[in-house]
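Peer 1: Chains as they are written, first to last, in our numbering: chain A, 1 to 426; chain B, 1 to 259.
Don't read these hints as lab results, they were simulated from the structure. Every residue gets a Cβ at the ideal spot worked out from N, C-alpha and C, and that includes glycine. Some hints here could point you the wrong way.
[Stated by the list, open to error] Here are the in silico distance ranges between beta carbons for each label pair:
id, chain 1, residue 1, chain 2, residue 2, range
1, B, F93, A, Y86, 52 to 60 Å
2, B, M246, A, E225, 30 to 38 Å
3, B, P162, A, A359, 28 to 36 Å
4, B, V123, A, L53, 52 to 60 Å
5, A, Y86, B, D170, 48 to 56 Å
6, B, I166, A, G204, 34 to 42 Å
7, B, P162, A, P358, 21 to 29 Å
8, A, G179, B, Y134, 26 to 34 Å
9, B, Y245, A, K9, 31 to 39 Å
10, A, I308, B, Q76, 31 to 39 Å
Chain by chain, the residues:
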Amino acid sequence: MSDSNYTPKSKVGKWFNDRLPLLTLANHLTDYPTPKNLNYWWTFGGILTFCLLTQIVTGLVLAMHYIADTKLAFASVEHIMRDVNYGWLIRYVHANGASMFFLAVYIHIFRSLFYGSYKSPREIIWILGIIIYLLMMAAAFMGYVLPWGQMSYWGATVITNLFSAIPLIGEGITTWLWGGYSVDNPTLTRFFTLHYLIPFLILGLVVLHIWALHVPGNNNPVGIEIKKPSNDTVPFHPYIVIKDAFALLLFSIIFAFFVFYAPNILGHADNYIEANPLVTPAHIVPEWYLLPFYAILRSVPDKLMGVIAMFSAILILVVLPWLDTSKVRSAVFRPIYKQFYWILVLDVLVLGYVGAMPAEGLYLLIARVATAYYFAHFLIVLPVLGWVEKTNPIPLSISEPVLAGSAMATRGVREEKIEVNLKSLG
Amino acid sequence: MKKLKRIFIIFLSVYLFQNHSISAETEPYLETEWTFKGLFGKFDRASLQRGYQVYTEVCAACHSMQYLSYRNLAEQGGPEFTVEQAKAIAASFEVLDGPNSDGEMFTRPAKLSDKFVKPYENVEASKAANGGAYPPDMSVLAKARMGGADYIYSLLLGYDEPPEDIKLDDGVYYNKYMYGNKIKMSAPLSDGLIEYSDGTEATKEQMAKDITTFLMWSAEPHLETRHKTGFRVIVYLIILSILVYMTMKKIWSRVETKI
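Same shape as in the complex, but just chain A:
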């Protein structure tokens, strides 16, 4: 937070601002110097905020009509779909909104991986992001249980059963989670309560995430530290606001397409069958956004080790800033890392694909190779690359075209250029 010397113009404003500096905050947010070279991959922060708020608003309305009771839940969802005014719209926005939320968060995470946004001094932003992502998964999983369809019930049974793999206390924990000896009414009511709570925790963490972002400021595609404010930055408003708005609109068009023309394509047909503890579905699959982790879980023959592998796959991201030993942030200047980056993207997609397939034969083999590679990327490739990779020369500022020669040689040119730029701005 660089700008504390702001004073409101009006007397009332000053009086208020002296007591609660909301106007200073608003001023900080509008003037916030942002690198001017941010590309469209940087618009997903705004898009994600929109997704979170959409989920909260539609969720509130759904909660007014939904009944968390195993005998009534499925029927209450049908009531929403049929009899509540525009209930079908609100539910389809909420259900597809979850998928859109994850689509956006995956792009956001992979953007960070490509441009090294997790590196010093932005480790806390990154870790907060991982916690948000974990909470998102918990919220999405519990939300999927609420309609009390076949996949809800059996998905809940499979996932909660994972905890029983913990030695000694596992069984006890599972019983405690269920509130009984199987997934039943107490499970449903507590999942509903937690599903309602978590989005507000996420909202709080998002505030911290943005706060932590505003301390060092945005990373950028070139990945260098820039002077703020300077010729390399633009004020957040109106430049970034309008760009985020444009990107959000494009995102909304895709979102609307799913809601209005393919509202059930991302879900599983079995979830329109009411939960039945006596009939197990032929294939129990989680929602698409959890499939890579599901594949990792199943690729390990031992249950406990599988659970550990699955959770490690997420938790390994927490220490990523220290596993990546390269001083250069952006993959633009890391020719070898760039290739490994795309292999990782491919690897995660492969994991997602085999996660949807039965865990047998060739699929299982592929899942094992892909799982091994996933961990190798973080534990071997990243630390080693930092030492052996020869990175391309990095420009000294955003305004300066990618340079030739050493930093010292170009410094003079840079200063000259800044002067020219300042003159042209008047």
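Chain A is already provided as a structure; the job is to place chain B on it using the hints.
Peer 2: Showing chain B alone in chain A's frame:
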């Protein structure tokens, strides 16, 4: 690097266009024209009304539709019977009501606000009457089966003599489209089974198509509104995007950088 990118794009497109769930059947679904598919898809009103007739004269003997009310039959976007017709349909069923002021349960003719009358009191009764198989509730059936309308249509016409290597128990039938090819419902449709009140010839295909249309509507009663609203929303968003894009270009023209 180029090559890697190409592999990546190919993989991504295969990944996106492939249904992530497993389909067990090998038979491709029978093809037929559905009026409710596509951007402007609407239900064929006459087909829905005939479909209701098939339901009530054939399916309703075993299958319930517990989330539908008789009023739905007269609502917009559905079969759109007149209110009088829907009232008459409702009145032809008896429902249990009560208790009255004497504490007695009594039966009365159904009203528009009543749910569709079920063929069996409960799941156990339906199982007992159907050799242990439970005829599923059909309210959301078209959404509860992979393949949706195409699957149901194909299944209804998919009865066949079993191949020689398959032995069927009593009360089990062979169906090309059923998961595992064994189904406990006997072929429900045959040519001329019912007499359509609008004079349409009741062929197997015609009845299968009409009942499937009816089931699609019952699973998705607001489909027409959804399509209509969706088109408006998307057109609105596209126009707004263009305007915002032009505004953005104008604003960013003050900065010497490309966006």
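Peer 1: Please flag the earlier hints that this structure goes against, numbers listed from lowest up.
Peer 2: Hints 1, 4, 6 and 10 contradicted; others consistent.
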